[in-house]
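Those protein sequences? They're chains A and B, same order as listed.
Numbered by my numbering, the letters in the first sequence go through residues 1 to 222 in order.
Numbered by my numbering, the letters in the second sequence go through residues 1001 to 1222 in order.
Please note: incorrect hints may appear among the correct ones.
Stated by the list, open to error - Partial pick of chain B residues on the chain A-facing surface, computed with a CB cut under 7 Å:
1. Phe1066
2. Leu1069
3. Leu1079
4. Val1122
5. Thr1169
6. Glu1179
7. Val1180
8. Ile1182
Unchecked claim - Coverage of chain A stretches by chain B, computed from C-beta distances (three or more under 8 Å per stretch; other residues unrestricted):
9. 77-86
10. 177-188
Quick caveat, the hints were computed from the structure, so don't treat them as lab data.
Quick reminder that beta carbons are idealized off the backbone N, C-alpha and C, glycines included.
Protein chains: 2
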Amino acid sequence: MDMRAAFHQQLELIGDELTEMSRLSGQAMRRAIRALSEGDGGLAEQVIAGDAEIDNLRDGLEIRCFDTLALQAPLAGDLRSVTAGLRMVFDLERMGDLAVHIATDARLRHPVPALPADLSLVICQMGELCGELADVAGEMIRTRDPELGTSLELDDDRVDTLHRGLFRTLTRPGAYSAEVVIDATLLARYCERFGDHAVSLGQRVVFLVTGRYPARRFAEVI
Amino acid sequence: MDMRAAFHQQLELIGDELTEMSRLSGQAMRRAIRALSEGDGGLAEQVIAGDAEIDNLRDGLEIRCFDTLALQAPLAGDLRSVTAGLRMVFDLERMGDLAVHIATDARLRHPVPALPADLSLVICQMGELCGELADVAGEMIRTRDPELGTSLELDDDRVDTLHRGLFRTLTRPGAYSAEVVIDATLLARYCERFGDHAVSLGQRVVFLVTGRYPARRFAEVI
């Protein structure tokens, strides 16, 4: 196999592993949310312990990215693929961490659900959408189909709408204790950040395929 | 100049630019906190606009890191320096973003300070410590002195203590409106994350110099 073919084989492996990290981070988010709403301490533990697998994939991917660069001085487009790959690794690692934050909150409250039922429902909906966002982002990495960005954007809008609605609910005078307001604020923030990172993954795929960052709103994901 | 000398010159430039990013992110945090506590909309704007400079440094640094790798297939230790450099770029970029979040909150409330005076004071103290954390992290990058990690850890402990105290204050029954609780929770979270990233910078310096991650608590920074 010549160097060029070896290089492209490495790029494919990088894509496969990024897709796997997306799957794992989406799964972690869904489980964390279920642990939270059902007060399931065992499931929370599972998410926290499972983060090691995501971190191992990260370590392997980083080494693979650098090995790939060392394989041959890459051309501009190839270099871009590896740079984007490294940035995606960071996004995915962070998504796993955010799921762990939610699981840690669930474990802390166990066996009592962390939130009153009405707020828990909203956080669950946000978390479910986050799981979907991770799946779509993984699918974009796998297929390199920029069109999937639309679906990503719609789901992320839904997360934002739920988030705004939650703040309106929380600020009804005297509705909840400060403890509940703090918890719900942080949990929603974790979901929102998770969604931002998933959108950022999609954005990088679009950049790789088209050479341009997509809509302006994507540029606002910070 | 031979390849090896050129490589090391590049590594030095990477270090200089990372130090500069630390300085700018610390400055951004201090200004954002001042904008928040004084209700200074102009200063908030300055922080938000100034983030472009941090992002430009990031773009330049990423390219420099990859160019440096392309310069010669690096040895293990050199590879580690460049990997660590890239990760530090992400930490520093995120620190700038967190300062922007605080400045955005300040702008939103302008000309009224965002928080009651007692809470504002605690957030200010957290922000001041964050500015210091960025400076110490920058100094660690510049000097490669792992001993500075102790000072970083102490300051970060102070941030955590303030954070816990703030939560106790916020949860005094009926003390604050839900809006204020939400705002204070998020602002404190931004400061705490900023501190985490600064600690992470120090951790990477220690790793570069000693080949090992420092104390266990450093490993918990996620």
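Quick rundown of the hints versus the structure:
no.	hint	verdict
1	Phe1066	holds, 6 Å
2	Leu1069	holds, 5 Å
3	Leu1079	holds, 6 Å
4	Val1122	violated, 14 Å
5	Thr1169	violated, 10 Å
6	Glu1179	holds, 5 Å
7	Val1180	violated, 9 Å
8	Ile1182	holds, 5 Å
9	77-86	holds (count 4)
10	177-188	holds (count 7)
Hints 4, 5 and 7 from the list above are not met by this structure, while the remaining hints are.
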